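Peer 1: Protein chains in written order, with the working numbering: chain X, 1 to 301; chain H, 1 to 264.
There's no promise every hint is true.
The list that follows gives simulated cross-link-like pairs (lysine-lysine, DSS-like), each with its CA atoms no further than 30 Å apart [unchecked claim]: (1) X:K277 to H:K117; (2) X:K145 to X:K84; (3) H:K202 to H:K117; (4) X:K14 to X:K84; (5) X:K84 to H:K243; (6) X:K156 to X:K145; (7) X:K76 to H:K240; (8) H:K117 to H:K97; (9) H:K113 to X:K76; (10) X:K290 to X:K145; (11) X:K290 to X:K233; (12) X:K76 to H:K55; (13) X:K145 to X:K90; (14) X:K84 to H:K117; (15) H:K240 to H:K202; (16) X:K156 to X:K236; (17) H:K243 to H:K202; (18) H:K243 to H:K113; (19) X:K156 to X:K84; (20) H:K117 to H:K55; (21) X:K277 to H:K240; (22) X:K90 to H:K243; (23) X:K236 to X:K14; (24) X:K277 to X:K14.
No lab work stands behind these hints, which were simulated from the structure alone. Just so it is clear, the structure is predicted and the values come from calculations on it, not from any experiment.
Chain by chain, the residues:
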Amino acid sequence: MARLSVNIGSLQLKNPVMTASGTFGYGPEFADFMDLSTLGGIIVKGTTLHAREGNDYPRMAETPSGMLNAVGLQNKGVNYFAEKIYPGIKDCGTEVIVNVSGATVSDYVGVAERLLDLDRIHAIEVNISCPNVKQGGMAFGTTAKGAASVTAALRKAWDRTLIVKLSPNVTDITEIARAVEDEGADSVSLINTLMGMAVDVEHRRPCLSTVTGGLSGPAVRPVAVRMVWQVAKAVKIPVIGLGGITCGRDALEFLMAGATAVEVGTANFLDPAVSAKIVDEINDYCSRNKIADIREIIGII
Amino acid sequence: MKNNSSNPAKVVCDMTVEANTPLGQLYGLLALRADGPLPAISAGQFAQVRIDRSKTTFLRRPISICTADAASGRIELLVRRAGAGTDALLACEPGEKVNLMLPLGRGFSRPAKRDAKALLIGGGVGVAPMLALGLELKAEGYAPEFLLGARTAADLLLLDRFEAIGPVHLTTDDGSAGTRGVVTAHARLQRPVDNIYCCGPKPMMVAVAKAASRIGASCEVSLENMMACGVGACLCCVEKTTKGNVCVCTEGPVFNINQLTWQD
Chain X
1 MARLSVNIGS
11 LQLKNPVMTA
21 SGTFGYGPEF
31 ADFMDLSTLG
41 GIIVKGTTLH
51 AREGNDYPRM
61 AETPSGMLNA
71 VGLQNKGVNY
81 FAEKIYPGIK
91 DCGTEVIVNV
101 SGATVSDYVG
111 VAERLLDLDR
121 IHAIEVNISC
131 PNVKQGGMAF
141 GTTAKGAASV
151 TAALRKAWDR
161 TLIVKLSPNV
171 TDITEIARAV
181 EDEGADSVSL
191 INTLMGMAVD
201 VEHRRPCLST
211 VTGGLSGPAV
221 RPVAVRMVWQ
231 VAKAVKIPVI
241 GLGGITCGRD
251 ALEFLMAGAT
261 AVEVGTANFL
271 DPAVSAKIVD
281 EINDYCSRNK
291 IADIREIIGI
301 I
Chain H
1 MKNNSSNPAK
11 VVCDMTVEAN
21 TPLGQLYGLL
31 ALRADGPLPA
41 ISAGQFAQVR
51 IDRSKTTFLR
61 RPISICTADA
71 ASGRIELLVR
81 RAGAGTDALL
91 ACEPGEKVNL
101 MLPLGRGFSR
111 PAKRDAKALL
121 IGGGVGVAPM
131 LALGLELKAE
141 GYAPEFLLGA
151 RTAADLLLLD
161 RFEAIGPVHL
171 TTDDGSAGTR
181 GVVTAHARLQ
191 RPVDNIYCCG
201 PKPMMVAVAK
211 AASRIGASCE
221 VSLENMMACG
231 VGACLCCVEK
241 TTKGNVCVCT
251 EGPVFNINQL
261 TWQD
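Assemble the whole structure, with the sequences as input and the hints as a guide.
Peer 2: Have a look at this one:
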């Protein structure tokens with residue numbers, strides 16, 4: 001067995017495989033299919049200060065090798081998470097990371113402050129890249145100034161590991177990555193979904209109630225690998241890679257391109273046990289290639 | 001965190017196609033067998049079927065379980081051709097393996113009274129869960145009746161299986177079988193009914209829900225919103241309810257019409 005553990009700031013992961021926010025619920029949804037404790041971490045559903053109903057149905061459209069979604073951050077708010085969900089998952093045997101969203105900087109800070117009460121939450125992933133909400137979300141993530149303002153405020157409020165999730169819907173993602181690094185982020189994760197659109201030609205209307213949505217799945221993987229490679233060259237903090245990972249090979253692609261860890265997203269919908277299998281497949285790869293420590297191959301490209 | 005139960009409620013497994021029986025041009029009945037017993041399955045639950053045969057089908061397809069014998073690991077799925085995914089599924093040959101997640105969602109409840117007049121209303125391929133429910137209700141001592149509707153006589157599926165369970169009333173749009181017209185126009189709804197269970201196209205279910213409210217019958221409907229995950233993780237298949245947006249895959253697919261906002 002190779003050594004698979006990696007560090008993201010002060011966060012220690014037993015292996016580099018996490019599940020991406022919005023694709024794995026809070027974890028227990030998948031407990032019938034796999035052992036959650038085999039994962040490096042679970043990044044739970046995007047959480048806001050107050051409950052959100054999300055966007056109208058339809059919120060999803062299947063696309064070639066992927067899907068569009070426009071869920072719009074439906075969640076019951078951080079207090080509900082803290083009181084009703086956290087007690088049931090805090091002892092699940094892996095790191096639970098909360099994805100934090102908001103419409104204003106003070107919303108983000110409010111969520112983080114509430115999460116400080118929860119000892120087992122060692123890291124947050126800040127969503128400045130959701131394409132499916134009118135206010136906040138991607139508005140912060142598409143300018144260096146906006147990204148820096150959220151990061152700076154959270155850095156003051158949150159002394160544990162701070163990961164900022166970046167949008168690919170920008171001209172130069174390395175500029176945004178450097179801006180959040182400068183404000184004290186411990187890590188960046190990328191990519192969130194690519195903004196896309198699909199039309200139901202039989203009914204002559206958009207497939208999604210919001211017209212546009214976020215594209216995910218293997219269709220986006222080469223874009224994601226490229227961006228991870230660019231960002232890993234541009235910043236000193238660890239990069240977390242995601243976008244269309246479906247197997248160990250795909251995860252290794254991101255690690256070699258410079259990611260210290262990865263997130264598995266849409267693939268959880270196709271195979272509910274895929275994230276555990278990816279850990280096994282990375283282990284197998286290391287055995288076959290006589291790699292003693294996964295860090296030997298991180299960023300070798 | 002493992003599920004504490006030694007028998008998980010849900011499994012993902014390869015099942016072998018035992019038979020694939022075409023039912024006219026548009027439909028087919030797939031008989032599938034798992035290597036061992038399946039978890040308990042109740043009428044109204046569904047399976048998420050991976051379609052390996054179709055390169056353009058990315059997501060699993062949610063398909064209502066038509067009949068189930070969990071102990072022997074057997075299920076039947078009634079499938080309507082709706083696109084490349086279901087076309088590919090209906091092209092499966094006996095002996096082929098198909099990967100399924102099941103059983104998912106919540107099924108139908110039971111009538112409050114043992115002697116309840118239960119009417120099971122199915123439209124088109126929506127008859128699938130009505131067969132499962134009819135079999136369960138009959139086995140539990142209820143006396144279910146069926147009201148089945150379709151466009152033409154050729155779209156009335158598995159009639160002999162329904163007739164073996166209880167009285168069957170029919171409607172077709174063109175009058176080629178049973179009463180001409182929609183299910184809600186059938187005379188059976190003029191006589192007393194305590195519990196209505198319904199699955200079919202949404203306009204039909206909305207009409208049935210209205211009729212149920214009018215005659216004071218309890219009514220459950222099975223929804224078929226588009227899904228991605230099937231386990232309540234992606235929040236794509238939501239339906240507006242009296243409690244806000246809820247996942248059809250976990251809170252449903254069966255809902256009492258009082259939970260829905262159709263009549264607002």
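Peer 1: For each hint, tell me whether it holds in the structure or not.
Peer 2: Right, here's what the structure says about each hint:
no., hint, result
1, X:K277 to H:K117, "violated, 50 Å"
2, X:K145 to X:K84, "violated, 36 Å"
3, H:K202 to H:K117, "holds, 24 Å"
4, X:K14 to X:K84, "holds, 26 Å"
5, X:K84 to H:K243, "holds, 17 Å"
6, X:K156 to X:K145, "holds, 17 Å"
7, X:K76 to H:K240, "holds, 15 Å"
8, H:K117 to H:K97, "violated, 41 Å"
9, H:K113 to X:K76, "violated, 37 Å"
10, X:K290 to X:K145, "violated, 45 Å"
11, X:K290 to X:K233, "holds, 26 Å"
12, X:K76 to H:K55, "violated, 37 Å"
13, X:K145 to X:K90, "violated, 35 Å"
14, X:K84 to H:K117, "violated, 40 Å"
15, H:K240 to H:K202, "holds, 14 Å"
16, X:K156 to X:K236, "holds, 20 Å"
17, H:K243 to H:K202, "holds, 20 Å"
18, H:K243 to H:K113, "holds, 27 Å"
19, X:K156 to X:K84, "holds, 27 Å"
20, H:K117 to H:K55, "violated, 46 Å"
21, X:K277 to H:K240, "violated, 35 Å"
22, X:K90 to H:K243, "holds, 27 Å"
23, X:K236 to X:K14, "holds, 22 Å"
24, X:K277 to X:K14, "holds, 15 Å"
Checked against the numbered hints listed earlier, the structure breaks hints 1, 2, 8, 9, 10, 12, 13, 14, 20 and 21; every other hint is satisfied.
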